[in-house]
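Undergrad: Below, each chain spelled out in residue letters.
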Amino acid sequence: MILQQLVNGLSLGSVYAVFAVGFTLVFGVLNVLNLSQGAVFMWGAYLGLEVVGTLALPLPAAVAVAFVAAGLLGVLSEWIVFRPLQRRGAHRWMGMVASLALARILIGLAQEAFGTQVVRYPDSAMTMASLDILGARVQLLQLVALAAALTMVLALGALLRLTNLGRAIRTVAFSETVARLVGAPVDRVRLATFFVAGALAGGAGVLWSLVFQSVSPFMGDAILLKGLTVLILGGLGNVLGALAGGLLLGLVEVSSVVAVGSGYRDAIGFGLVLAILLVRPTGLFATREAKRA
Amino acid sequence: MTDAMPTRRTALALGAAAILAAGPARAQAGRVARIGLVQSTTGGSAALYGTEQKQAIELAFDEINAANTLNGIRLQALHADDGADRSQTVNIFQRLIRQDKVVAILGPTLSNSAFAADPIAQAAGIPVIASSNTAPNLTRIGDFVFRTSVPEDQVFPTVLRYAVQKHGVKRVALIYGLDDALTRGAHDVQKKAVADLGLEQTGIESYQRGDVDFSAQLTKIKARKPDALILGTLAEEAASILRQARQLGFDDKVVFVGCNANISAKLFELAGPAANGIIVGAAWFAGYDSPRSRAFVEAYRKRYGSTPDIYAAQGYDAAYLLAEAIRRAGGADSGRAIRDKLAGITDFEGVLGRFGWSAERDATVTPKVLVGDGQARVFVTAPGA
Numbered sequence: 001m002i003l004q005q006l007v008n009g010l011s012l013g014s015v016y017a018v019f020a021v022g023f024t025l026v027f028g029v030l031n032v033l034n035l036s037q038g039a040v041f042m043w044g045a046y047l048g049l050e051v052v053g054t055l056a057l058p059l060p061a062a063v064a065v066a067f068v069a070a071g072l073l074g075v076l077s078e079w080i081v082f083r084p085l086q087r088r089g090a091h092r093w094m095g096m097v098a099s100l101a102l103a104r105i106l107i108g109l110a111q112e113a114f115g116t117q118v119v120r121y122p123d124s125a126m127t128m129a130s131l132d133i134l135g136a137r138v139q140l141l142q143l144v145a146l147a148a149a150l151t152m153v154l155a156l157g158a159l160l161r162l163t164n165l166g167r168a169i170r171t172v173a174f175s176e177t178v179a180r181l182v183g184a185p186v187d188r189v190r191l192a193t194f195f196v197a198g199a200l201a202g203g204a205g206v207l208w209s210l211v212f213q214s215v216s217p218f219m220g221d222a223i224l225l226k227g228l229t230v231l232i233l234g235g236l237g238n239v240l241g242a243l244a245g246g247l248l249l250g251l252v253e254v255s256s257v258v259a260v261g262s263g264y265r266d267a268i269g270f271g272l273v274l275a276i277l278l279v280r281p282t283g284l285f286a287t288r289e290a291k292r293a
Numbered sequence: 294m295t296d297a298m299p300t301r302r303t304a305l306a307l308g309a310a311a312i313l314a315a316g317p318a319r320a321q322a323g324r325v326a327r328i329g330l331v332q333s334t335t336g337g338s339a340a341l342y343g344t345e346q347k348q349a350i351e352l353a354f355d356e357i358n359a360a361n362t363l364n365g366i367r368l369q370a371l372h373a374d375d376g377a378d379r380s381q382t383v384n385i386f387q388r389l390i391r392q393d394k395v396v397a398i399l400g401p402t403l404s405n406s407a408f409a410a411d412p413i414a415q416a417a418g419i420p421v422i423a424s425s426n427t428a429p430n431l432t433r434i435g436d437f438v439f440r441t442s443v444p445e446d447q448v449f450p451t452v453l454r455y456a457v458q459k460h461g462v463k464r465v466a467l468i469y470g471l472d473d474a475l476t477r478g479a480h481d482v483q484k485k486a487v488a489d490l491g492l493e494q495t496g497i498e499s500y501q502r503g504d505v506d507f508s509a510q511l512t513k514i515k516a517r518k519p520d521a522l523i524l525g526t527l528a529e530e531a532a533s534i535l536r537q538a539r540q541l542g543f544d545d546k547v548v549f550v551g552c553n554a555n556i557s558a559k560l561f562e563l564a565g566p567a568a569n570g571i572i573v574g575a576a577w578f579a580g581y582d583s584p585r586s587r588a589f590v591e592a593y594r595k596r597y598g599s600t601p602d603i604y605a606a607q608g609y610d611a612a613y614l615l616a617e618a619i620r621r622a623g624g625a626d627s628g629r630a631i632r633d634k635l636a637g638i639t640d641f642e643g644v645l646g647r648f649g650w651s652a653e654r655d656a657t658v659t660p661k662v663l664v665g666d667g668q669a670r671v672f673v674t675a676p677g678a
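Chains as they are written, first to last, in my numbering: chain W, 1 to 293; chain E, 294 to 678.
Looking at chain E on its own, in the form it has when it is part of the complex:
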């Protein structure tokens, strides 16, 4: 492994160099906007998200270039793989900005990398749009940092409000994973949303990673008779909780409200019919019924033979938003001009729906409330959402 790593790195570097060398030669007489595309395509699970985004962004660029919507400006993606390693991300940002003279960067894949590398782009006046960073306060790095990825705290309150309105939820219990940053983060958001809506909280239970027996916690929760149980859990744990709650004879009226991490085919595989009725929220899902979203899913499937995930959708919107900013700026010569036009976009119709920016340059999208269909094993739009 230790021997293979440098070799693979070298190969990637050579590959990247080859692409970069070929780039200018391929540039035609028309103007070219060079865009850095920093997505991990190696490096564990980050590679899954990175590859989805890279593919979606390349699809978007090809569509934009083919339609020639930018008055003769051609978008050129310079992809570099940081291997989910933030020191690599820093090197790549420096190279893209100093040598390759990109006018904007799409990425990086991981929030950790973004915190390390985005300040370089900020200092150089190059706008960055992330499409999979969900860490809190990311855009406080500076006014050149944007993101189309929607963090949990913009989704969950809508989901909980739906549960309150639709199912008359008043008393809630919460359960979450104690030793996982993702589940803890989700729990914090959920607890705040419960307090903000003025719901009565009847108990908080927790568990540790690897636990598969939740019966003690669930028995305790059941005795307190909540209207809803809120899950700050991974999909596997949510599945076990749903099954065991049914086995313990939870009232059918108890509503289960999940978090982003529960939106997974794994949930249905493991929970079976017990996943029926679980309510979750997402910025986007593949079944989202809008013309723009349907066209994207179809084009992505046709080109890559798989269904795009939410990161692909967010990457695709990031690419189109950037193109729109370049079009409005009338050229791709100044990072500052592109940033200003980008920040001014308030009415963009994206795959995720109507799109704008918050004061902090986070995407503002109406979250979609979804409900689990245990028989069909998919999430569908919640009735009346």
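Okay, chain W solo, but in the shape it has when bound:
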């Protein structure tokens, strides 16, 4: 049973991690909190569903479409919310509130387009496959989720460390003014960051809907709160911390069900945030170097 719960916690946590990595990237690089991320996650799930359901294309196509489309939604949030506000010299709190408004608009549009009832991805050999490992039942999809979380974080890490774009992103993260002075293409870097964050949210949306078989216009609200929790756990803007924080939150939620009782699941998850903020406000995994991107 312990092993099974470990599997449960890790697969839940890996979806949290994929979502939170994008979330924390935007925060780390641009120092803004994009609260439309949950709605982008939900749109990723629906668009993927349209691809496999209405268009009857295979699952990888759904992931690809969700990835790109959600990335573009991320870009959209920069174009219509964050950039105009920044140009007007608005306080960054304004961006946060405006992104919340964008989230409500996206949710409203989804309600109109897809209805408010819960739907799910069609069954396929891949969604049904599972294997027994030492008495624990592991779904293939749970392994996929975990692999996806690790791959995405490694890929993002490589992007940030090894490429010119990565260097530019880190420069912008250090200081936008400095980046402009040294000639880094700040506007393009911002767009790229929003695209990557949106794409990760969309990918997480498809993963989530595959693992838990539930798609609804309101699915982004819960994960947005979990994403904020992971952000605090892992340290604001810390990509590796987001991965570790996501997995940790999944495990904490599952163990609170096991050890304390299912009624306290969220209370313990969010209680952890409070405790961390009081004891170690930079997050569990924060170091000076890794603090921002």
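Treat the hints with care, since some could be wrong.
To be verified - Here are some of the chain E residues that sit facing chain W, going by a computed Cβ distance under 7 Å:
| # | residue |
| --- | --- |
| 1 | V505 |
| 2 | D506 |
| 3 | A516 |
| 4 | E529 |
| 5 | S533 |
| 6 | L541 |
| 7 | G542 |
| 8 | L563 |
Everything labelled a hint here was simulated from the structure, so no lab data went into it. All C-beta atoms in this analysis are idealised placements derived from N, C-alpha and C, irrespective of residue type, glycine included.
Starting from the known structure of chain W, fit chain E onto it as the hints suggest.
TA: Below, chain E without anything else, positioned relative to chain W:
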């Protein structure tokens, strides 16, 4: 929205006024029994239930009038929409009783509205029959308040008894939604039924609205090896629980016992074959095999082009019960006489089956035990129920 609301209200009020003005003019030489029909046809999800009931009651009235079973008395429905807003319900009750001089009221749609408005009818001596109010203690408002809607606590014990007899269930686990009045209410009823039957309870798990991952709770439940898992959940959540339990390798012998809210096409859509064998109970379902029920479903489909739901069936029975009371009272002049005759009905054969009243004026109907057929995606009568 704020601009549109008064306009829509006004339009409805004008519409209602027009109907009321036309009413007396249409009345023929024969006697007319005016019945208030208070069902929400606007106001969110309540409108779904309200519309079903309104349609079924109007169908019943037309059938009764056409058959002339009331010795020349014609039933006339005065429909008013309260928009699922209880202050509107109060206004409507006052108007129906004082101005329109109705002799009885069928409705209102929501329990909340009933608690606000039924006392007015009680004070005026006008009988009220609800067909979708399921809140506990509703009929304690007074002796003029009846209902044909059957609350969970009259259905679930029968369902659980069936699971015990048919599947030898001894140890049970329960799971329910912590923050929803409906699922909590169902859970309370289920817990009591488990205790009343003397079953061993091996654990209670819960979740919060919006949760879609139940694997931690289900893993915990699985380790305790229950014979049955009892669901105090909405249909979407029940579907996820059924699927995830199968994925976690629950023993095929474990019986899943659901609540009223699980009786939904959505359950099959989301759970697929995993919904096979789930046991639920209902006062009525569209496939109920009795001559009266079949005739009702057919007549309703013919007139409205859709299959009636349980609220329609309960509304239809309420209309026929009221007609029967008026027939026995020999007229529609006194609310008190109609109430007394209504309370005296013990052997009514309705769409829901054999019908009577409890001491509290709740409907007493034999619940039907149903079992999910995941392939055909419908509930069917449980074998040997």
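Undergrad: Does the CB of E529(E) sit less than 7 Å away from some CB of chain W?
TA: holds, 4 Å
Undergrad: Double-check L541(E) for me: the hint is only fine if its C-beta lies closer than 7 Å to a C-beta in chain W.
TA: holds, 5 Å
Undergrad: Regarding the hint that L563(E) lies at the interface with chain W, is the smallest CB-CB distance below 7 Å?
TA: For L563(E), the interface hint holds, since the closest Cβ of chain W sits about 6 Å away, which is under 7 Å.
Undergrad: Should the interface hint for D506(E) be scored as holding, given a Cβ-Cβ cut-off of 7 Å against chain W?
TA: Nearest chain W Cβ about 5 Å off; hint holds.
Undergrad: A516(E) was flagged as interface toward chain W. Is the shortest Cβ-Cβ separation under 7 Å?
TA: Check passed: Cβ of A516(E) comes within 5 Å of chain W, closer than 7 Å.
Undergrad: Does S533(E) meet its interface restraint, that is, does its C-beta lie within less than 7 Å of any C-beta in chain W?
TA: Given a least distance of 6 Å, the restraint on S533(E) holds.
Undergrad: With a cut-off of 7 Å on the beta carbons, see whether G542(E) makes it to chain W.
TA: Holds. Min distance 5 Å.
Undergrad: Once the shortest beta carbon distance from V505(E) to chain W is found, is it less than 7 Å?
TA: holds, 4 Å
Figure legend: structure checked against the earlier numbered hints; every hint is met.
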